[in-house]
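2 protein chains.
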Amino acid sequence: MSSRRIVATGTFDILHPGHLFYLEESKKLGDELFVIVARDVNVKHKPHPIIPEDQRLQMVAALKPVDHAMLGDEKDMFLPIEKIRPDIITIGFNQMFDEGRLAQQLAERNLPAKIVRIGKFADGDLCSSRLVVQRIITKRGQDHNNVSETEQRS
Amino acid sequence: MSSRRIVATGTFDILHPGHLFYLEESKKLGDELFVIVARDVNVKHKPHPIIPEDQRLQMVAALKPVDHAMLGDEKDMFLPIEKIRPDIITIGFNQMFDEGRLAQQLAERNLPAKIVRIGKFADGDLCSSRLVVQRIITKRGQDHNNVSETEQRS
Numbered sequence: 002m003s004s005r006r007i008v009a010t011g012t013f014d015i016l017h018p019g020h021l022f023y024l025e026e027s028k029k030l031g032d033e034l035f036v037i038v039a040r041d042v043n044v045k046h047k048p049h050p051i052i053p054e055d056q057r058l059q060m061v062a063a064l065k066p067v068d069h070a071m072l073g074d075e076k077d078m079f080l081p082i083e084k085i086r087p088d089i090i091t092i093g094f095n096q097m098f099d100e101g102r103l104a105q106q107l108a109e110r111n112l113p114a115k116i117v118r119i120g121k122f123a124d125g126d127l128c129s130s131r132l133v134v135q136r137i138i139t140k141r142g143q144d145h146n147n148v149s150e151t152e153q154r155s
Numbered sequence: 002m003s004s005r006r007i008v009a010t011g012t013f014d015i016l017h018p019g020h021l022f023y024l025e026e027s028k029k030l031g032d033e034l035f036v037i038v039a040r041d042v043n044v045k046h047k048p049h050p051i052i053p054e055d056q057r058l059q060m061v062a063a064l065k066p067v068d069h070a071m072l073g074d075e076k077d078m079f080l081p082i083e084k085i086r087p088d089i090i091t092i093g094f095n096q097m098f099d100e101g102r103l104a105q106q107l108a109e110r111n112l113p114a115k116i117v118r119i120g121k122f123a124d125g126d127l128c129s130s131r132l133v134v135q136r137i138i139t140k141r142g143q144d145h146n147n148v149s150e151t152e153q154r155s
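Sequences listed follow chains A and B, in order. First residue of the first sequence? That's 2 in my numbering, and the numbers climb one at a time after it. First residue of the second sequence? That's 2 in my numbering, and the numbers climb one at a time after it.
Hints were generated in silico from the structure; no laboratory data involved. Mixed in with the good hints, there may be bad ones.
As the list makes no split between identical chains, a pair holds if one copy fits it or if it spans any two.
The list that follows gives simulated cross-link-like pairs (lysine to any residue, SDA-like), each with its CA atoms no further than 25 Å apart [unchecked claim]:
#  : residue 1 : residue 2
1  : K121      : Q135
2  : K140      : L72
3  : K45       : L30
4  : K65       : E26
5  : K140      : M97
6  : K65       : E33
7  : K65       : L21
8  : K47       : L132
9  : K28       : D68
10 : K45       : Q96
Can you make the complete structure from the sequences, with help from the hints?
Structure, rendered in structure tokens:
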């Protein structure tokens, strides 16, 4: 019996428990979790990532639920899907995919993956990169020059 | 033969490959890696963490090299060390411990752990929480109000 392959996708700019929940729930649906990390040039529907793509890839690959992580294709988002041939593609609760259109595109390419939308994580304090960014600007924006000499690694 | 226990410590505010390198190198020294995550109230030598302690703990626990993660003791940093009784305690290249004094304090408590300082990670682009914070302030500080309505999760 072949293993059941799951694909999850995302930018994963500043990792938080919402990402982790999405990946853990995705992994539960099968045996091998492949994560496709968005290329910098392809993030157009929201602000450009803070963290460069190689670093975002490295951190996603280090998370326990993740079996394989790779960068997306800059031109054709379906190319890695064609290589992986997943049984399931998961979508995060706030990812802006039209599931009907995605299903149609997969069918046109003869990719029979089922699409599963993962529910919303019961939010903790800072479960969005946007909120982390806002907190940083609020807490540190005024005095980051003073701060930079004393902070080493936090 | 009992397993060789390693303790690593840190704040782990915004996770980056420098943290990962420190934890991976620590894990290589033994069998079980215990990570003690600094309590919010105990981070005094650098700016207060952006991410609350429970969330920092959750994200550290999700990293592949980490076998056990726990919050530190608010009053006595040696209490968790006494419970774990590690063979080795690792220190990050930029953690401000006086290794001689630390060895003396461990000896006074009858804790025979060896202290190992982990070398510096060959820096990638953003291997410090400080640099991530600075980039966020530079890139987003001016227009984060415009941004907040479009960005969902990155």
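Task: Numbers of unmet hints, in rising order - done: 3
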